[in-house]
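Asks: Keeping their order, the protein sequence lines are chains A and B.
Under our numbering, the first residue of the first sequence carries the number 1, and numbering increases by one thereafter.
Under our numbering, the first residue of the second sequence carries the number 1, and numbering increases by one thereafter.
Treat the hints with caution; some may be incorrect.
Since the list gives no way to pick one copy over another, a pair counts as held whenever it fits inside one copy or between any two copies.
Stated by the list, open to error - With a straight-line Cα cutoff of 30 Å, these simulated DSSO-like cross-link-like pairs (lysine-lysine) come out: (1) Lys110 / Lys227; (2) Lys13 / Lys197; (3) Lys198 / Lys221; (4) Lys296 / Lys112; (5) Lys115 / Lys296; (6) Lys298 / Lys4; (7) Lys194 / Lys296; (8) Lys296 / Lys141; (9) Lys227 / Lys296; (10) Lys110 / Lys218; (11) Lys133 / Lys197.
Hint data in this document are derived by calculation from the structure and do not stem from the laboratory.
There are 2 protein chains.
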Amino acid sequence: MTDKIPVYEDIIKAHERILPFVHRTPVLSSTGINNIVGIHLYFKCENFQKVGAFKFRGATHAVRQLTADEAKKGVTTHSSGNHAAALSLAARQMNIPAYIVMPESAPAIKKKAVKGYGAEITFCDSTLEAREKTLDIVQQKTGATFIHPYHNFNVICGQGTAAKEFLEDYPDLDVIIAPVGGGGLISGTSIAAKAIKKGIKVFGAEPLNADDAYRSFKQGKLIPALKPNTIADGLLTSLSPLTFQIIRENLDDILTVKEETIVEAMRMIWERMKIIVEPSSAVPLAAVIENNRLFKGKKVGIIISGGNVDLDNLPFKLTH
Amino acid sequence: MTDKIPVYEDIIKAHERILPFVHRTPVLSSTGINNIVGIHLYFKCENFQKVGAFKFRGATHAVRQLTADEAKKGVTTHSSGNHAAALSLAARQMNIPAYIVMPESAPAIKKKAVKGYGAEITFCDSTLEAREKTLDIVQQKTGATFIHPYHNFNVICGQGTAAKEFLEDYPDLDVIIAPVGGGGLISGTSIAAKAIKKGIKVFGAEPLNADDAYRSFKQGKLIPALKPNTIADGLLTSLSPLTFQIIRENLDDILTVKEETIVEAMRMIWERMKIIVEPSSAVPLAAVIENNRLFKGKKVGIIISGGNVDLDNLPFKLTH
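All chains, full assembly: derive it from the sequences and hints.
Replies: Set out below in structure tokens:
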């Protein structure tokens, strides 16, 4: 069930279910940035979403779809990023337990955030093997339901609600671009956008240094990232069979971008729009900068995925 | 004429005049910050104003009130901060010249901003004497009208329009707090707020390390700052006779805050609200943190004055 491919009707239902719990985030524009890139851009600001990232949509939808019996036993996942925080808060709002498996080496700030949302953390080594094994143990002990960050029907439906709101507010968009990590956001986005508006183009944007989705898309088979290494720390993960299938069927293209352009785009958003976005969120604007001619004369919507950055480790020195 | 004390009618007229040129900025709230401080806070986001600061309101109003003859000759001021950028853009929008006197030592980023808005810069030494002398020379040569950043009737009327919008959108506010530098913003704010809502309290917030307004207010006479030294670089200036008179008549109190609290408040806004504010803008929240009991049970409106920071020189290390 959790690896069924959603259709737009599923996203509509998901939206109704999560509406009381998530923010309808604003869409912002910047004359300054439009002038620099020569294209009309619209930014859907999921950095203003609860826990500071779109992940709260999918996590909320997933926990709200649990049966009463499942809910009682709680939810679990292995992650040190936004999905862990999102699942923790979504669970707390339902008064059910959340068990988060996290590497010891995770940044203190992320451990603090997850603890702050009331989750129980189990630490493990940082290998994928250690994480999965620890998750198994936690599941056996607690009976909690594993909520995968993107290889999950309900999560993808939740992530698709951002694009639904975007096109309700800005029906004129010709293009939507979202970043691609594990593919949950771009999957939900592409299902919603293609159903709502015939002829709309949907692009994924990915760091060149973590281009598993690009290579999978071009070669027609799932190729996991080997040694992803990008400043866009939310995009280190590889596609799952489910998100790969959706991406393959729905996307117009995947655009890869250089690290310098990501930092340039992030700085542009901070300086011109006065909003805080994480590096992953700057990847679509970087794609517009690097592929300017592709978008000339178009109204381009960008999903800002989140705003969680470590203020003590900002990347801007790179640009000077 | 430029040192007459405005009444609320003047601010209403100013608002009508500048409406086509300025943003009506949003008001944001943060459940996270409300929970931390235990008070309901509302933030009027002038960091999203054009040029990234409320100063654009006053500058726009001042240039729009010039006679045709005056306008032709342009405007001038001495400043390296937000007023210089605001006046430059306001002048460009009217296709009139702006002449900005600026110390050689001003940060490159500020010179670039003012040049970017099409102004002509005249450099001078960094003493006040050198600035005033250079301004005299520029005025004699060009016939440009000097627009003082706050000792100016039309500028104060323009700054007051932020509080007018704030109370139109949130008529329930019990308190408004704005930062105090030269006093233009708090002057306009207090005139508007006290006229719109009987019984509303208006507080100025000021760094302890630049507390000329506090001392002037308490001692009933204008006492310029001697050696102001604060991270809130927009608040280094001292009151003028005009702003002192308004503040003296209108404010309920001035609250001074420590440097550490300013940095703590700034970090809280960045991390929780995902918006970029300059240190001066964090001073009112710092005042709420340091004077928590004063505001218990109240709906408190804070004017976020601007969002222009040097991303290569952020102050957050101080808090660790």
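Asks: Taking the hints in turn, state whether each one holds.
Replies: Here is how each hint holds up against the structure:
1. Only within a single protomer do Lys110 and Lys227 lie at most 30 Å apart by alpha-carbon distance; the minimum there is 23 Å, versus 41 Å between protomers.
2. Taking the shortest alpha-carbon separations for Lys13 and Lys197, only the intra-copy value of 18 Å comes in at or below 30 Å, while the best inter-copy value is 44 Å.
3. In this assembly of identical chains, Lys198 and Lys221 lie within 30 Å of each other by CA distance solely inside one copy; the values are 27 Å within and 69 Å between copies.
4. For a Cα distance limit of 30 Å, the shortest separation of Lys296 from Lys112 across copies, 28 Å, qualifies, whereas the shortest one inside one copy, 44 Å, does not.
5. Taking the shortest alpha-carbon separations for Lys115 and Lys296, only the inter-copy value of 28 Å comes in at or below 30 Å, while the best intra-copy value is 46 Å.
6. In this assembly of identical chains, Lys298 and Lys4 lie within 30 Å of each other by CA distance neither inside one copy nor across copies; the values are 33 Å within and 50 Å between.
7. In this homomeric assembly, Lys194 and Lys296 come within 30 Å of each other (Cα to Cα) only inside a single copy, at 21 Å, whereas the closest approach across copies is 50 Å.
8. In this assembly of identical chains, the alpha carbons of Lys296 and Lys141 never lie at most 30 Å apart, being 56 Å within a copy and 45 Å across copies at closest.
9. Taking the closest pair of Cα atoms, Lys227 and Lys296 never come within 30 Å of each other, the shortest separation being 34 Å inside a single copy and 53 Å across copies.
10. In this assembly of identical chains, Lys110 and Lys218 lie within 30 Å of each other by CA distance neither inside one copy nor across copies; the values are 35 Å within and 45 Å between.
11. Within a single copy, Lys133 and Lys197 get their C-alpha atoms no closer than 43 Å, and across copies no closer than 62 Å, so neither meets the 30 Å cut-off.
Violated hints, in rising order: 6, 8, 9, 10, 11; the structure is consistent with all others.
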